[in-house]
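Asks: Next come the chains, spelled out residue by residue.
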Amino acid sequence: MTAFEFIPNTLEDQRKMLAEIGLSDVEELFVDIPAEVLKRFKPLGLKPISELEVSQLVSRMASENAHTGQYVSFLGGGIYDHYVPAIISHLISRGEFLTCYTPYQAELSQGTLTWMFEFQTMICELTAMEVANSSMYDGGSALAEAMLMAKNITGRKRFLVSKSLNPHHRRCLETYAWGVGLELIDVPFTETGQLDRAALQPGELDDLGGLIVQTPNFFGVIEDLSGLKELIKDAFLIVSVNPISLGLLAPPGLFGADIVVGEGQPLGIPQSFGGPLLGIFATRMNYVRRMPGRMSGRTVDADGRVGYVMALQTREQHIRREKATSNICTNQALMALCATIYMATLGRHGLRKLAELNLQKAHYLAEKIAKLPGFALRFSGPFFNEFVVRTRKKPSRLLKALRDEGFLGGLDLESYELLDGNNLLVAVTEKRTRDEMDRFVKVLKGA
Amino acid sequence: MAYPKEYRYTKEHEWVKLENGKARIGITDHAQHQLGDIVYVELPKIGTKVKQMQEFATVESVKAISPIYAPLSGEVIDVNKELETKPELINQSPHEQGWIAIIAPSDLTELDSLLTAEQYERHIGA
Amino acid sequence: MGNTIFDIGEENRIGLRLPALDVPERNLTELIPAELIRKEDPKLPQVSQVEVVRHYTRLSRMNYGVDSGIYPLGSCTMKYNPRINEDLARLPGFAHAHPLQGDELSQGALKLMYELGEYLCVIGGMDAISLQPAAGAHGELTGMLLIKKHFERTKELHRRTKILLPDSAHGTNPASAAMCGFEVVPIPSDARGLVDLQALKAHLDESVAGIMLTNPNTLGLFETDILEITKLIHDVGGFVYYDGANLNAIVGRARPGDMGVDIVHYNLHKTFSTPHGGGGPGAGPVAVVKKLEPYLPVPRIVKNGNRYSLDYEYPHSIGKIHSFYGNFGVLVRAYAYIRMMGDEGLKAVSTNAVLNANYLRVRLSKVYKAPYDRLCMHEFVLTTKGMSEEIRTLDVAKRLIDYGVHPSSIYFPLIVPEVMMIEPTETVSKEELDYFADALIKVAQEMRENPQLLKEAPHAVPVYGASVRRLDEVRAAKEPILRGHFP
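Protein chains in written order, with this note's numbering: chain A, 1 to 447; chain B, 1 to 126; chain C, 1 to 487.
Just so you know, the hints here were simulated from the structure itself, not pulled from any lab data. Note that CB positions come from ideal geometry on N, CA and C, so glycine has one too. You may find that some hints are simply not true.
Below, a sample of chain C positions facing chain A; criterion: calculated Cβ distance under 10 Å [stated by the list, open to error]:
no. : residue
1   : 33
2   : 133
3   : 137
4   : 250
5   : 291
6   : 450
7   : 468
Okay, chain A solo, but in the shape it has when bound (with noise of 0.2 Å):
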């Protein structure tokens, strides 16, 4: 028999347990399941390996992935080559924190309702909404999820959105609205890139569940908020932010926004090959009963000193069953700590001087891009840190030569059915130089 590290149990401690329990095998143990079922077991076919050997052979199928350590990425389309603070890694790695669970158990995890309550009060800030809670699964489901929150409220099953979203995280909806029963119509955009408000008729705000709009969206154009809100009255409005944005960007929460949502991923979060991520969901205090998800409350303990706790529970699943106002339990939580230190990190004005940052140097490379012949950039409205560039040259052609030269170079657009023509979605964050912003534009020039 292999001992295993993970099991401390030797043979002579589990002579002893069995002992005590009365029987003499550990088969015995297993006498409730049918014999046909234990006769049908087919194993692996894996025999055990050791902690060296399983770090040379996933260490290994790492090595055949290429990663942003290796090539110059201004490839975005929903999560972003963003620098990561060292410390964050360091402090989520603790075991306090890596290791618990859920703070079923509030005066065990006041490490854990203490950040949680400060993430709720920073995703606060930056939205300027009333509530959020402590995580979603990601952007997409935490799109998802407001849209079913806003068709418990109001009671109404149609949703305008916007045809610049996130296609991915479109495709997420789509899929929660088939299985709810909820009916998506699209709204176009304009030449600027910006939702088209002409197609927000008075006949199709009828009976309206809410609308649906992306900021910075899936072109990288910032929309003009103001006024949505006054337009579809009752209805929800629900947006979807780039949090980093946010640094810099007027707040959802001032154009009368009832649900903010976004992938929090750009807040210090590794791409890690689109997971794990971070759904950040924010509302308000009206609907507070209505929403999804954990949240962290403030309280007192016997003595009065200040403590926290999980509040609300009675929204959730494990007390309400099938009434529940979702049905998420595990969330994101890690990850949550993740933007929760990145933002304490960066800091009141570092999250403004990161967007700027983010921001100008976007603009540097779209013009220079925008000069080459054979290039344009295809929307004419303003743009955060990533925007479109129509080509001459087929974009698959053009992202062949640029990864031969060690770049990533963007999204090709065509699979996405957005748009016609040839268009490369290209992102630039802090982490861009000027140096190599200038050979991404050779290289394009010379393919």
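Could you slot chains B and C onto chain A? The hints should help.
Replies: Coordinates of chains B and C only, in the frame set by chain A:
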């Protein structure tokens, strides 16, 4: 706590008190005791029409949300707004100040299907 | 505000310097209309880096984790999280790979996901899998959507309206089924603590879309009638969904697929050792039998020769359930765990998980009441009902904290009053089990001799104990304070 003789009760632990043809409704002392500290009450909208034993409000404790059923059919004509800020009134005074709503009953014969104080006490094994 | 990061720091302190702008600076309002620019910076903290590190280090010390000691939450499988898996998930080829960099540049990640999918299919006895769901409940939702899609395609949806659920089920089960518009029909447990077959039969007709089962169930008991149950459901044309929360009890020796199950979700953060992280990220892959394969979420990972790719071409798919491909970093950890353990290791997991639970059960049922006094699987329930007039299970749990251990789950499953649900897992030593049992036995004695001790617990002790005394949950619910405010 004594169960007022002039009230009528449901098996689901609501009480009704008839006042000039209008029905004042709340939950019983037994119910509030089972629920523990009430932290929130979701009141019905005035004007809502309800059928007998239809869920029309909820009370929330830390660990549970419980539906409140309308003991009589009719229209909700008043609600206890004080509960919005002082849900603990239900714990402190379940049969008086902790009332939840007033219904204008549409069919007073429904009263016959409710329990008397004596029957209710037997129902809860008091 | 109370011990938060907002309570420290000073105006203009910073936690990180940023590089200077290396391109010509443009006037902001040239780039963005003034009305779309934020007038006031968000009121985030203003702290130096050392303050950030000290604050979160201090907060971490107010938490109890698996690394601190036994953490016997029932149905949560709080087993040790191997640290090698943390290192592997942080390898640059994984941590810094972009999900849209293309199949060609992602062969390592796709290969790992493909192989993990194959392993999980064998472990579950299933035919095909999606790794997208980010947690168990997300897997349940996916499973319910698969059932819905099937009946939509067979044009039976109008009558296939019910999902049957044992009353011992996790709360996520009814919530997931309800989200998809199914009517939830609870099936009572019988005196054995198992699905009441007579009650089940009474609900069987063509309105049944399926049943959701956890096996062993949340009482820690194996559904011995499982083969009959799955047959009964199949006979009326329904599907059997297996909630894998308790897979740790049978992993390496029995497979849900061999019990007649059609859909399985796995909790990689339970059975496969990935860290719980304070409440996530987890991963809840969903595997199915052939019949349901066409409906699995896209993209699927396919293998052609030695090349792996993401495939969106499944016309009957329910669509996407995650922005990308699931919690990839969690998948890396589970992959490494399965490879390290191999068949022999996985079998040793269930052997020792079940042995440990039974050992604790036998020791503790001499003092507490075991409502189902028989062999259990990886977890079991006890009740304090009838032991004291004034002491509740909550008080027992809080008093355990004073002994430096984490209490079990309490007040779940709902069908046992004043319940404790205890799952020790295979990664605790006999000495730790004995310490935990001794502590609970001592608390039972205190309950008789000095109940006040329990009522006032916990008594805030510094290391790996409570950092506060008992917290007022009523106050938190009555006047919810869910965020801080600043001057």
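Asks: Each hint should be assessed against the structure and marked as holding or not.
Replies: Cross-check of the supplied hints:
no., hint, in the structure
1, 33, "6 Å, holds"
2, 133, "9 Å, holds"
3, 137, "4 Å, holds"
4, 250, "7 Å, holds"
5, 291, "19 Å, violated"
6, 450, "17 Å, violated"
7, 468, "4 Å, holds"
When held up to the earlier numbered hints, the structure conflicts with 5 and 6 and fits the remainder.
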